[in-house]
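A.B. asks: Given the sequences, and given the hints that come with them, work out the whole structure.
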Amino acid sequence: MIEMPIAAFVALCLVLAMLVVGAVVVAVGVATHRFRVDSAQSDDTDGDDLSDDTATLLSLLPGASIVVDEHDEVVRSSPDAYRLGVVSDDAIVDSQVLDAVHKARRSGGKRQFDLTTATPERFIAQGDRKQAAATKSVQRPNWLKVTVGRINDRFVIVLLTDVSEAVRFNQVRDSFITNVSEQLLGPTEALAKLADSLECEVRDPAQIAADARQVRSSCTKLNHMVSDLLLLIRAQEPVTPSSANRLNVMEQLQAIVAHVTPQAEAADVTLNVGGADDVVINGDTNQIDSAVTKLIENAIGYSNPGGMVSITVAKAEDGQHAVIRVIDQGVGIAKKDQSRIFERFYRGAEQSERTADGVGLGLAIVKHVALTHHGDVSVWSTPGQGSTFTLSLPLAR
Numbered sequence: 002m003i004e005m006p007i008a009a010f011v012a013l014c015l016v017l018a019m020l021v022v023g024a025v026v027v028a029v030g031v032a033t034h035r036f037r038v039d040s041a042q043s044d045d046t047d048g049d050d051l052s053d054d055t056a057t058l059l060s061l062l063p064g065a066s067i068v069v070d071e072h073d074e075v076v077r078s079s080p081d082a083y084r085l086g087v088v089s090d091d092a093i094v095d096s097q098v099l100d101a102v103h104k105a106r107r108s109g110g111k112r113q114f115d116l117t118t119a120t121p122e123r124f125i126a127q128g129d130r131k132q133a134a135a136t137k138s139v140q141r142p143n144w145l146k147v148t149v150g151r152i153n154d155r156f157v158i159v160l161l162t163d164v165s166e167a168v169r170f171n172q173v174r175d176s177f178i179t180n181v182s183e184q185l186l187g188p189t190e191a192l193a194k195l196a197d198s199l200e201c202e203v204r205d206p207a208q209i210a211a212d213a214r215q216v217r218s219s220c221t222k223l224n225h226m227v228s229d230l231l232l233l234i235r236a237q238e239p240v241t242p243s244s245a246n247r248l249n250v251m252e253q254l255q256a257i258v259a260h261v262t263p264q265a266e267a268a269d270v271t272l273n274v275g276g277a278d279d280v281v282i283n284g285d286t287n288q289i290d291s292a293v294t295k296l297i298e299n300a301i302g303y304s305n306p307g308g309m310v311s312i313t314v315a316k317a318e319d320g321q322h323a324v325i326r327v328i329d330q331g332v333g334i335a336k337k338d339q340s341r342i343f344e345r346f347y348r349g350a351e352q353s354e355r356t357a358d359g360v361g362l363g364l365a366i367v368k369h370v371a372l373t374h375h376g377d378v379s380v381w382s383t384p385g386q387g388s389t390f391t392l393s394l395p396l397a398r
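The sequence shown begins at 2 in the numbering used here and counts up one residue at a time.
Simulated from the structure, these hints should not be mistaken for lab results.
For clarity, every value in this text was computed on a predicted model and none was experimentally measured.
Built from N, CA and C at the ideal position, the CB exists for glycine as well.
Just to be clear, a hint being listed does not mean it is correct.
Stated by the list, open to error - Derived DEER-like restraints, expressed as beta-carbon distance ranges:
no., residue 1, residue 2, range
1, 62, 108, 41 to 51 Å
2, 185, 383, 36 to 46 Å
3, 227, 273, 45 to 55 Å
4, 108, 162, 21 to 31 Å
5, 264, 213, 36 to 46 Å
6, 224, 76, 29 to 39 Å
Claimed, not checked - Heads up, simulated EDC-like pairs for lysine to aspartate or glutamate below, C-alpha to C-alpha not over 20 Å straight-line:
no., residue 1, residue 2
7, 316, 290
8, 222, 183
9, 111, 154
10, 316, 278
11, 111, 100
12, 111, 183
13, 222, 298
14, 104, 183
15, 316, 252
C.D. replies: Shown next as structure tokens:
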């Protein structure tokens, strides 16, 4: 018997082992539809791939596109389909879209419908979630126009048109018209009372003065609301990172604190700003100024006399985001209100003399500024212990 050299024997064993592993992988792939065994007459192209003409056409289509094979696996997808919450892990996760795909595959034709999804949560404030109360965070809803059709016996295409910006603009416009109309009633009624007092034969100076104060108060509230609505509209404008909009967060915070210090002093509240001075973001100066100012004003309004409001900035643990926190020791927010405080015109039950003139738009402005900057805002609060608002924004590119 001819003895086989040890080196040759080891090499033969390795080859056999690789053949066994390859056979197992192919078998599993066929069983899970990851691989397809075609006949010898099939061409050399990938069985799950689209033709070059179809792929080129898809690249020219506006919006996001998804191509699904006969096993409901996503073989082609635009990145926006993941951001819009329709695709995850190479599968369609929305049941309405998947149902339309099945119907199109069976009977052909075209299906169109409207769909509302939520952008997957990108940030989790781990530090806040360890506290006694849950952190409430905002989510961006997406309003989509969906078209589903069959390409051939194997593939179905899903086209997504994001109309969110148009819907949001229309909502703000409608809110503006409705609420301005309602708020105009206050000044007009106050003016009517003042006119009655002035026309009265026996004029009461005290009554005239009271009516004049009511006119001034109504006008002040109306001006406040119109100003906030204009800020809210501007907060809908998307922000594109560039070298022209790089902002040093600490410098921005110090300027804001200097601006609101007189308001804090009038309320007997101390402002304290600190944190890292090398945190830089891409952002619109006016939008960031509006958002942080609203958070600080909100904290001042709900703080007790002699209280302190802390404003800090740091880099998040993921190294990709700036974290701005506004912390107060005030009355806190009731649990039932925490899920709604970022809604437009929502007002919680706990109002003080300093917050009575608010119209419920401040935190809505903060929310939209965060979202247009591809960031997030969240709140932790316990009644009687105060609140912490956390604004997370991507670091400058």
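A.B. asks: Would you mind marking each hint as holding or not holding in the structure?
C.D. replies: Going down the list of hints, with the structure as the test:
1. 62 - 108: 41 to 51 Å: violated (23 Å)
2. 185 - 383: 36 to 46 Å: Given range 36 to 46 Å: holds, Cβ gap about 38 Å.
3. 227 - 273: 45 to 55 Å: violated (32 Å)
4. 108 - 162: 21 to 31 Å: holds (23 Å)
5. 264 - 213: 36 to 46 Å: For residue 213 against residue 264, whose Cβ atoms are near 25 Å apart, the range 36 to 46 Å is violated.
6. 224 - 76: 29 to 39 Å: For residue 224 and residue 76 the Cβ distance comes to about 56 Å; the hint is violated.
7. 316 - 290: holds (19 Å)
8. 222 - 183: Judged against 20 Å, a Cα distance of about 12 Å means the pair holds.
9. 111 - 154: holds (15 Å)
10. 316 - 278: Answer holds: residue 316 to residue 278 is near 10 Å, not above 20 Å.
11. 111 - 100: Holds, because 13 Å separates the two Cα atoms, which is no more than 20 Å.
12. 111 - 183: With Cα atoms ~44 Å apart, residue 111 and residue 183 exceed 20 Å; violated.
13. 222 - 298: holds (16 Å)
14. 104 - 183: Judged against 20 Å, a Cα distance of about 47 Å means the pair is violated.
15. 316 - 252: Holds - the C-alpha atoms of residue 252 and residue 316 are around 15 Å apart, at most 20 Å.
The earlier numbered hints that this structure contradicts are 1, 3, 5, 6, 12, 14.
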